[in-house]
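Undergrad: According to the numbering used here, numbering within the sequence shown proceeds without interruption in unit steps and concludes at 261.
What the hints contain is simulated information worked out from the structure, not anything from laboratory work. Among the hints, erroneous ones may be present.
To be verified - Label pairs and their calculated CB-CB ranges:
no. : residue 1 : residue 2 : range
1   : E209      : G159      : 43 to 49 Å
2   : H108      : E180      : 18 to 24 Å
3   : E98       : V194      : 19 to 25 Å
4   : E195      : N173      : 37 to 43 Å
5   : H108      : E67       : 32 to 38 Å
6   : A62       : G159      : 24 to 30 Å
7   : F192      : L237      : 17 to 23 Å
8   : P257      : R45       : 16 to 22 Å
9   : A213      : A102      : 39 to 45 Å
10  : K240      : Q170      : 23 to 29 Å
11  : V109      : G172      : 24 to 30 Å
12  : V194      : Q170      : 37 to 43 Å
Remember, predicted model here, so these are calculated numbers, not experimental data. Note that CB positions come from ideal geometry on N, CA and C, so glycine has one too.
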Amino acid sequence: MSRISHAFHPEKIDAVALFITCLNDQFFPRVGVAMTRILESLGLRVEFPHEQTCCGQPFFNAGQHAEAADLARRFVQIFRRYECIVTPSASCCAMVREHFPALLRGDHVYDEARRRVCGRTYEFVEFIHDVLKVDLRRLSLPRPTRVAWHFSCHQRLIGMSDQTQRLLRQMGNLELVSLERADECCGFGGAFAVEFAPVSGSIVTDKVESIVASGAEAVVCNDAGCALNIAGAARRLAPKVRVVHIAELIAEAMGLPLDRL
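Build out the structure end to end from the sequences listed, making use of the hints.
TA: Here you go:
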């Protein structure tokens, strides 16, 4: 099995909590398995709080802030004991870091715990690149693969830039191709994709057409909502294009099994 080099000391982090998110749990369970196996291979203990539920983002986006605040309190109560909380989706990471402070403002019972949780929640790429400082140059995909990258709206919201690209460029047998308007929305937007389906469909069609034009065999998408939307359109318009999370590519290059934990 190929290994990843890194510049951190595992003993400094007691345990990493996996915040899997609703969409990954239901539609992309392999992503959670990949993340867990990668983090464990780096010497980290990964815990999965089974009582975790939705972070409240659908309620928040629908303007139901009281219901969202109830779920935010539950989330904080569950994850408050962990040193680091890692999630595969930037959108749910953004919900915790960007919106929990306003939702729980004035709630003094949860104030300290909320600050702790918000300050220790990371998107997966952000965590392995910025915190663990991994180096993937020893890794290589099983066969040469042309890969494009979709830069999601919520990755920008949490302050990410090109960390995903940097990691992809380190891997062997991987050609990173340019995607025209890579930072444009895929058209998902949660309930937007349902309430404004024709508009969403037009946007995601443009996205898939740009992926096809790039010549990519796979597109890396690190937000489950975006992956769901792009994969759905790709099944109709470009069935040979794979939609993958970077954790799946890394695990594949490491030779890690992803069938089950």
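Undergrad: Confirm or reject each hint.
TA: Going down the list of hints, with the structure as the test:
1. Evaluation of the 43 to 49 Å hint for E209 and G159 yields a failure: the beta carbon distance comes to about 29 Å.
2. Between H108 and E180 the beta carbon distance is about 49 Å. The supplied range of 18 to 24 Å is therefore violated.
3. A hinted range of 19 to 25 Å for the beta carbons of E98 and V194 is consistent with their spacing of about 23 Å.
4. The supplied range of 37 to 43 Å is met by E195 and N173, whose beta-carbon atoms lie about 42 Å from each other.
5. At roughly 21 Å, the beta-carbon separation of H108 and E67 lies outside the given 32 to 38 Å, and the hint is violated.
6. In this structure, A62 and G159 meet the distance hint of 24 to 30 Å, their C-beta atoms being roughly 25 Å apart.
7. Distance hint for F192 and L237: a CB-CB separation of about 20 Å, consistent with the stated range 17 to 23 Å.
8. Look at P257 against R45: about 19 Å separates their beta carbons, and that is inside 16 to 22 Å.
9. At roughly 40 Å, the beta-carbon separation of A213 and A102 lies within the given 39 to 45 Å, and the hint holds.
10. Separated by about 26 Å at the C-beta atoms, K240 and Q170 satisfy the suggested range of 23 to 29 Å.
11. Taken as a hint, the range 24 to 30 Å is violated for the pair V109 and G172, whose Cβ atoms sit roughly 51 Å apart.
12. Hint check: V194 to Q170, Cβ distance near 38 Å, so the stated range 37 to 43 Å holds.
Hint violations for this structure: numbers 1, 2, 5 and 11, all remaining hints satisfied.
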